[in-house]
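Asker: Take these sequences, add in the hints, and give me the full structure.
Here is what each chain is made of, one letter per residue.
Number of protein chains: 2
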Amino acid sequence: MDRISKAAFRRLPRYHQILSAFEELGREYISSRELSEILEINETLVRKDMADLQIRGRQNQGYGISALRQRIEEFLGLQDVTEALVVGGGHLGTALATYPGFEHYGLKIAGVLDNDPSKIGSMIGPYEVVSVFRLASMIQKHQIKLIILTVPKDSAQELTDIAVNAGVRAIWNFTPRELNVPEGVRVRNEQIVGGFMALSYYLKNLSE
Amino acid sequence: MDRISKAAFRRLPRYHQILSAFEELGREYISSRELSEILEINETLVRKDMADLQIRGRQNQGYGISALRQRIEEFLGLQDVTEALVVGGGHLGTALATYPGFEHYGLKIAGVLDNDPSKIGSMIGPYEVVSVFRLASMIQKHQIKLIILTVPKDSAQELTDIAVNAGVRAIWNFTPRELNVPEGVRVRNEQIVGGFMALSYYLKNLSE
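So the protein lines, in turn, are chains A and B.
Residue numbering for the first sequence follows our numbering, beginning at 1 and increasing consecutively.
Residue numbering for the second sequence follows our numbering, beginning at 209 and increasing consecutively.
Incorrect hints may have been included.
Claimed, not checked - Derived pair list, reagent style SDA-like, types lysine to any residue, alpha-carbon separation capped at 25 Å:
hint: 1; chain 1: A; residue 1: K153; chain 2: B; residue 2: Y237
hint: 2; chain 1: B; residue 1: K256; chain 2: A; residue 2: E34
hint: 3; chain 1: A; residue 1: K108; chain 2: B; residue 2: K361
hint: 4; chain 1: A; residue 1: K6; chain 2: B; residue 2: H312
hint: 5; chain 1: A; residue 1: K6; chain 2: B; residue 2: L247
hint: 6; chain 1: B; residue 1: K361; chain 2: A; residue 2: S5
hint: 7; chain 1: A; residue 1: K204; chain 2: B; residue 2: G392
hint: 8; chain 1: B; residue 1: K361; chain 2: A; residue 2: Q191
hint: 9; chain 1: A; residue 1: K6; chain 2: A; residue 2: E178
hint: 10; chain 1: B; residue 1: K361; chain 2: A; residue 2: S137
hint: 11; chain 1: B; residue 1: K412; chain 2: A; residue 2: G184
hint: 12; chain 1: A; residue 1: K153; chain 2: B; residue 2: L387
hint: 13; chain 1: A; residue 1: K153; chain 2: A; residue 2: S137
hint: 14; chain 1: B; residue 1: K256; chain 2: A; residue 2: G184
hint: 15; chain 1: B; residue 1: K349; chain 2: B; residue 2: K412
hint: 16; chain 1: B; residue 1: K361; chain 2: B; residue 2: K412
hint: 17; chain 1: B; residue 1: K412; chain 2: A; residue 2: L53
hint: 18; chain 1: B; residue 1: K412; chain 2: A; residue 2: N180
hint: 19; chain 1: B; residue 1: K361; chain 2: B; residue 2: D324
Unchecked claim - What the simulated footprint calls covered on chain B by chain A, stretch by stretch (three residues with Cβ under 8 Å from a Cβ of chain A suffice, anywhere in the stretch; the number is not a length):
hint: 20; segment: 212-221
hint: 21; segment: 280-290
hint: 22; segment: 316-330
hint: 23; segment: 384-398
To be verified - Derived DEER-like restraints, expressed as beta-carbon distance ranges:
hint: 24; chain 1: B; residue 1: E282; chain 2: A; residue 2: Q140; range: 41 to 51 Å
hint: 25; chain 1: B; residue 1: E236; chain 2: A; residue 2: H104; range: 24 to 34 Å
hint: 26; chain 1: A; residue 1: K141; chain 2: B; residue 2: L414; range: 12 to 22 Å
hint: 27; chain 1: A; residue 1: S155; chain 2: B; residue 2: Y237; range: 26 to 36 Å
No wet-lab data here; the hints were simulated from the structure.
From a predicted model like this one, the values you see are computed outputs, not experimental measurements.
Every residue gets a Cβ at the ideal spot worked out from N, C-alpha and C, and that includes glycine.
Answerer: Structure (structure tokens):
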């Protein structure tokens, strides 16, 4: 298989998060009903997602939490290690470079780059900040396929071009810039403010 | 109206981001075709979303970018000011408290709280870090309805309870903890690692 719907694919991170949380609490099974309530989606949809993942539940018990979590990890390739460079060592770059959870997902930060001479050579967590001029050579040396982009938006496209030319195939874009990339390179736009927009709508309609 | 489908609602932040980017480049109109290509969705769907927002395009020109952006802002309540407290002054809390874009969306940070005595009284951007013990009193004093939660997960539920009891109605949750809240309180789970999961899947299938 390894083909599921786009909507199901979008739900995998939430499933994974919920399963991890329940697993930590010592739970072994979770029902489609529980998952549907937490995700606020129809139970039939949960059952369909599980079938797509080739996961079967047990009568009156539900799905084995650990097996389901591992199935999602396998499906998404989280059991392999992906090395990434953090490009931009500001507050957000620092938060991402030192984010404690990433290693559980196979994401390994291979370095942090910045263009500020006062930052280069200083430490961000365990990483010595490297000049952004070394972006291409670091990508080639470590065969990096993924960069995490947290630079000011005016330099986002230029650094993307350099990274793509050096061999990067995926860009996790935390800048508000729309990036142009050639075919075969994937951009994931991370719009932090999107979460606020949903809450703003909720609060607005509360007070009306 | 002010009723649109869940899927359309989820697309609003991306529409907004794209419109803002084009507006900055000096563009006045955008077509449903351009929007559909950038979002990688069907053009018919774009047209339907615009109709839901009661936005009409012009023949051969498309949608007026500025009017459409403002319509989305009005719909989401982004033209009002929402005050929020950042609870947790670590790297992520610092990045969010000092995020330059938030003010454009009406999000105003009213303060930053932390439980670390060495941080209390120090400055994060323009904010003097306040003890987390003052969470309830600050919420009540400023009539805060939203908190941005970036604490370690073991204190997430406890602080949520305190905030909700003090009057908070929306929680922007950056912790991996599933939060229990009473009816009428909205939680938005921000799963930063979700973006990586999608890219990991892409990279995995590249190399197979």
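Asker: Each hint needs a verdict: does it hold in this structure or not?
Answerer: Going through the hints against the structure:
Restraint check for A:K153 and B:Y237: satisfied, since their Cα atoms lie roughly 22 Å apart, inside the 25 Å limit. Proposed proximity of B:K256 and A:E34 is contradicted: the alpha carbons are some 33 Å apart, above 25 Å. Proposed proximity of A:K108 and B:K361 is supported: the alpha carbons are some 22 Å apart, at most 25 Å. For the hint linking A:K6 to B:H312, the alpha-carbon distance of about 31 Å lies beyond 25 Å, and the restraint is violated.
Among the hinted pairs, A:K6 with B:L247 is consistent with the structure: their alpha-carbon atoms are about 13 Å apart, no more than 25 Å. This hinted pair does not check out: B:K361 and A:S5 have alpha carbons roughly 31 Å apart, beyond 25 Å. In summary, the hint linking A:K204 to B:G392 is supported, as the alpha carbons are separated by about 13 Å, within the 25 Å threshold. At most 25 Å may separate the alpha-carbon atoms for a hinted pair to count; B:K361 and A:Q191 meet this at roughly 23 Å.
A threshold of 25 Å between alpha carbons decides the hint, and for A:K6 with A:E178 the separation of about 22 Å falls inside it, so the pair holds. The suggested pairing of B:K361 with A:S137 is violated, with an alpha-carbon distance near 38 Å, which exceeds 25 Å. A C-alpha spacing of about 13 Å is found between B:K412 and A:G184, which places the hinted pair at or below 25 Å, so the restraint holds. Between the alpha carbons of A:K153 and B:L387 the distance comes to roughly 34 Å, so the proposed pair goes past 25 Å and is violated.
The straight-line distance between the Cα atoms of A:K153 and A:S137 is roughly 22 Å, inside the 25 Å bound, and the hint therefore holds. Note on B:K256 and A:G184: the hinted pairing is violated, with a Cα-Cα distance of about 30 Å set against a maximum of 25 Å. Distance hint between B:K349 and B:K412 is unfulfilled; the C-alpha atoms sit about 51 Å from each other, more than 25 Å. Restraint check for B:K361 and B:K412: the C-alpha separation of about 30 Å exceeds 25 Å, so the hint is violated.
The straight-line distance between the Cα atoms of B:K412 and A:L53 is roughly 17 Å, inside the 25 Å bound, and the hint therefore holds. For the proposed pair B:K412 and A:N180, the alpha carbon gap of about 22 Å is at most 25 Å, so the pair holds. A hinted pair counts as satisfied when its Cα atoms are at most 25 Å apart, and B:K361 with B:D324 qualifies at roughly 15 Å. Taking a C-beta to C-beta cut-off of 8 Å, the segment 212-221 of chain B contributes 3 residues in contact with chain A, enough for the three needed, and the coverage statement holds.
With a cut-off of 8 Å between beta carbons, the segment 280-290 of chain B has 6 residues touching chain A; three or more are needed, and the interface restraint holds. Three residues within the 8 Å Cβ limit are the bar, and the segment 316-330 of chain B against chain A gives 0, so the coverage statement is violated. Counting residues of the segment 384-398 of chain B whose CB lies closer than 8 Å to any CB of chain A gives 7, so the stated coverage by that chain holds, three being the minimum. The supplied range of 41 to 51 Å is met by B:E282 and A:Q140, whose beta-carbon atoms lie about 48 Å from each other.
Between B:E236 and A:H104 the Cβ separation comes to about 46 Å, which falls outside the hinted range of 24 to 34 Å. At roughly 20 Å, the beta-carbon separation of A:K141 and B:L414 lies within the given 12 to 22 Å, and the hint holds. Taken as a hint, the range 26 to 36 Å holds for the pair A:S155 and B:Y237, whose Cβ atoms sit roughly 28 Å apart.
In this structure, the hints that do not hold are numbers 2, 4, 6, 10, 12, 14, 15, 16, 22, 25, in rising order.
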